[in-house]
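Starting from the given sequences, assemble the full structure and let the hints guide the process.
Listed here are the chains, written in short residue letters.
Number of protein chains: 2
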Amino acid sequence: MANSAKTQPSIRILFGAAVALGPGKVDLLESIAETGSISAAARTMKMSYRRAWTLVDSMNKCFCSDLVSTATGGQGGGGAAVTDLGLEVLARYRAIEAKAARSVEAEIADFADLLVEPPR
Amino acid sequence: MANSAKTQPSIRILFGAAVALGPGKVDLLESIAETGSISAAARTMKMSYRRAWTLVDSMNKCFCSDLVSTATGGQGGGGAAVTDLGLEVLARYRAIEAKAARSVEAEIADFADLLVEPPR
Numbered sequence: 009m010a011n012s013a014k015t016q017p018s019i020r021i022l023f024g025a026a027v028a029l030g031p032g033k034v035d036l037l038e039s040i041a042e043t044g045s046i047s048a049a050a051r052t053m054k055m056s057y058r059r060a061w062t063l064v065d066s067m068n069k070c071f072c073s074d075l076v077s078t079a080t081g082g083q084g085g086g087g088a089a090v091t092d093l094g095l096e097v098l099a100r101y102r103a104i105e106a107k108a109a110r111s112v113e114a115e116i117a118d119f120a121d122l123l124v125e126p127p128r
Numbered sequence: 009m010a011n012s013a014k015t016q017p018s019i020r021i022l023f024g025a026a027v028a029l030g031p032g033k034v035d036l037l038e039s040i041a042e043t044g045s046i047s048a049a050a051r052t053m054k055m056s057y058r059r060a061w062t063l064v065d066s067m068n069k070c071f072c073s074d075l076v077s078t079a080t081g082g083q084g085g086g087g088a089a090v091t092d093l094g095l096e097v098l099a100r101y102r103a104i105e106a107k108a109a110r111s112v113e114a115e116i117a118d119f120a121d122l123l124v125e126p127p128r
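These protein sequences, in sequence, are chains E and U.
For what it's worth, this note's numbering labels the leading residue of the first sequence as 9, then goes sequentially.
For what it's worth, this note's numbering labels the leading residue of the second sequence as 9, then goes sequentially.
Please note: incorrect hints may appear among the correct ones.
Below, computed lysine-lysine pairings styled on DSSO-like, alpha-carbon distance capped at 30 angstroms [to be verified]:
1. K107(E) - K54(U)
2. K54(E) - K69(E)
3. K54(E) - K54(U)
4. K107(U) - K69(U)
Calculated from the structure, these hints are not laboratory results.
This is how it looks when you write it as structure tokens:
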């Protein structure tokens with residue numbers, strides 16, 4: 009019996025030691041794109057502004073140009089925008105996730121049969 | 009220019025909210041299989057014995073039968089063995105990871121061209 013309801017796999021792609029880009033950073037990038045603000049994205053993701061800013065700074069430095077641009081106004085001040093490169097990175101990362109997930113859909117459905125829900 | 013050296017993607021598969029099985033638990037399971045002991049595996053993974061034991065207990069309860077069996081002797085006492093089901097789960101999880109990774113090998117190699125190393 010397949011158990012599609014109990015198992016919703018998510019495939020996550022890390023680069024190197026997750027330095028350049030991993031699931032947390034990509035989710036943050038997506039949230040900044042949606043909210044137009046690092047602080048609003050940080051709130052959505054329940055992380056400190058400082059932590060979000062550090063992740064953005066680290067992402068920016070790992071790519072050939074910035075993924076997020078911050079308006080003048082200082083930390084917490086001027087809002088933030090995901091650049092064209094940032095949007096491209098986001099779209100490509102999500103596409104890779106989706107393709108990888110599709111490739112193992114059948115295996116994961118079979119695997120789910122080993123699980124019990126609720127736990128014993 | 010491809011940058012295969014700078015990007016070594018790892019694909020990780022989470023089930024649901026990573027409750028049943030995720031990368032941390034699978035690595036722990038693998039380490040128990042290698043060391044024959046929860047406490048040795050915990051040391052290898054730089055986590056407390058208590059944390060490792062909790063993860064094992066949670067894994068066991070999420071599957072139709074135990075993935076790790078512990079010998080009598082109490083916590084830290086009698087050693088631990090990965091069961092046949094545990095070995096099957098481990099092998100299938102790694103196979104799924106590998107197949108998913110292969111499916112997006114080309115996309116990830118292209119993606120790597122957007123990265124700079126060392127970071128700017």
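Comparing the hints with the structure gives:
Restraint check for K107(E) and K54(U): not satisfied, since their Cα atoms lie roughly 33 angstroms apart, outside the 30 angstroms limit. At roughly 24 angstroms between alpha-carbon atoms, K54(E) and K69(E) fall within 30 angstroms of each other, so this suggested pair holds. With a C-alpha separation of about 26 angstroms, the suggested pair K54(E) and K54(U) falls inside the 30 angstroms cut-off, and the hint holds. A threshold of 30 angstroms between alpha carbons decides the hint, and for K107(U) with K69(U) the separation of about 27 angstroms falls inside it, so the pair holds.
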